[in-house]
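So the sequences go chain by chain: A and B. The first sequence begins at 229 in my numbering and counts up by one. The second sequence begins at 29 in my numbering and counts up by one.
Simulated from the structure, these hints should not be mistaken for laboratory data. The structure displayed is predicted, hence computed values, not measured ones. Heads up, the beta-carbon is just placed ideally off N, CA and C, and yes, glycines get one too. Errors might be hidden in some of the hints.
To be verified - When the alpha-carbon atoms are kept at most 20 angstroms apart in a straight line, the in silico PhoX-like pairs for lysine-lysine are as follows:
| # | chain 1 | residue 1 | chain 2 | residue 2 |
| --- | --- | --- | --- | --- |
| 1 | A | Lys233 | A | Lys299 |
| 2 | A | Lys284 | A | Lys296 |
| 3 | B | Lys85 | A | Lys330 |
| 4 | A | Lys233 | A | Lys265 |
| 5 | B | Lys42 | A | Lys330 |
| 6 | A | Lys296 | A | Lys233 |
Unchecked claim - Okay, the calculated bits of chain A under chain B, using three or more residues with CB under 8 angstroms as the criterion:
| # | region |
| --- | --- |
| 7 | 271-279 |
| 8 | 332-341 |
What the hints assert, rightly or not - From the derived model, a few chain B residues whose C-beta atoms are all more than 12 angstroms from chain A:
| # | residue |
| --- | --- |
| 9 | Ser46 |
| 10 | Gly68 |
| 11 | His132 |
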Amino acid sequence: DQQVKQNSPSLSVQEGRISILNCDYTNSMFDYFLWYKKYPAEGPTFLISISSIKDKNEDGRFTVFLNKSAKHLSLHIVPSQPGDSAVYFCAASPTTKAAGNKLTFGGGTRVLVKP
Amino acid sequence: NAGVTQTPKFRVLKTGQSMTLLCAQDMNHEYMYWYRQDPGMGLRLIHYSVGEGTTAKGEVPDGYNVSRLKKQNFLLGLESAAPSQTSVYFCASSNHRDRSQPQHFGDGTRLSIL
């Protein structure tokens, strides 16, 4: 059973508009969340993260929102640009003291930004 | 600055063959990870290492073995390849303990088992 889910496999948006990507999680032990971006034939690259002590984190055009009670987070991209076309993965890390800083990933959302 | 380098980039194997995927990082990271990516499944952790000489199982370890003889290298082995192991494999590394330091990924190895 997937502990991190991205229910929208794909998203198409017009250049200049807002892209909203959603992610849900089930494990209450998750307390740190990340978004990665992936282009074809490349590895994922880190985009933005948020700790559970916050409900919002912003970095330029990218903002991540966290709703702990709903176990939901979202990534907003404003304004969307053609170079943002990629697959976006949501990932979560548990609060456990065990070593490893392991991540659990969602299935990804493919974003296409149309010029 | 190479970051995380994976070799080979592509490989085709026959069922039952063995092979080793190599991951090398030049960032002096303590932690290293092997993931597999399958359509709709995201990235799933196979094995990981928190330091030289140590390894641990992840979410989907069956059919794989790993070794971390040197801090900068993390090897993933398939002793007897099966078609279910057809996937794209990613290696990653990260600084220890500090979760604000994200995992850095290589560009992947695309592996097909016939």
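Here is how each hint holds up against the structure:
Between the alpha carbons of lysine 233/A and lysine 299/A the distance comes to roughly 11 angstroms, so the proposed pair stays at or under 20 angstroms and holds. Of the pairs offered as hints, the one joining lysine 284/A and lysine 296/A holds, with about 11 angstroms between alpha carbons and a cut-off of 20 angstroms not exceeded. Straight-line distance between C-alpha atoms of lysine 85/B and lysine 330/A comes to about 11 angstroms, which keeps the hinted pair within the 20 angstroms bound. Only pairs whose Cα atoms come within 20 angstroms are accepted, and lysine 233/A paired with lysine 265/A is accepted, the gap being roughly 16 angstroms.
For the hint pairing lysine 42/B with lysine 330/A, the CA-to-CA distance comes to about 32 angstroms; that exceeds 20 angstroms, so the pair is violated. For the hint pairing lysine 296/A with lysine 233/A, the CA-to-CA distance comes to about 15 angstroms; that is within 20 angstroms, so the pair holds. Here's how the region 271-279 of chain A fares: 5 of its residues keep a CB closer than 8 angstroms to some CB of chain B, so the rule of at least three is met and the hint holds. Only residues whose beta carbon comes within less than 8 angstroms of a beta carbon in chain B count, and the region 332-341 of chain A has 5; three or more means the coverage holds.
Residue placement check: serine 46/B keeps its beta carbon more than 12 angstroms from all beta carbons of chain A (closest about 25 angstroms). Some Cβ of chain A comes within 12 angstroms of the Cβ of glycine 68/B; the nearest lies about 5 angstroms off, and the non-interface call is violated. The non-interface label for histidine 132/B is inconsistent with chain A: the shortest C-beta to C-beta separation is roughly 8 angstroms, within 12 angstroms.
Violated hints, listed in ascending order, are 5, 10 and 11; each of the other numbered hints is respected by the structure.
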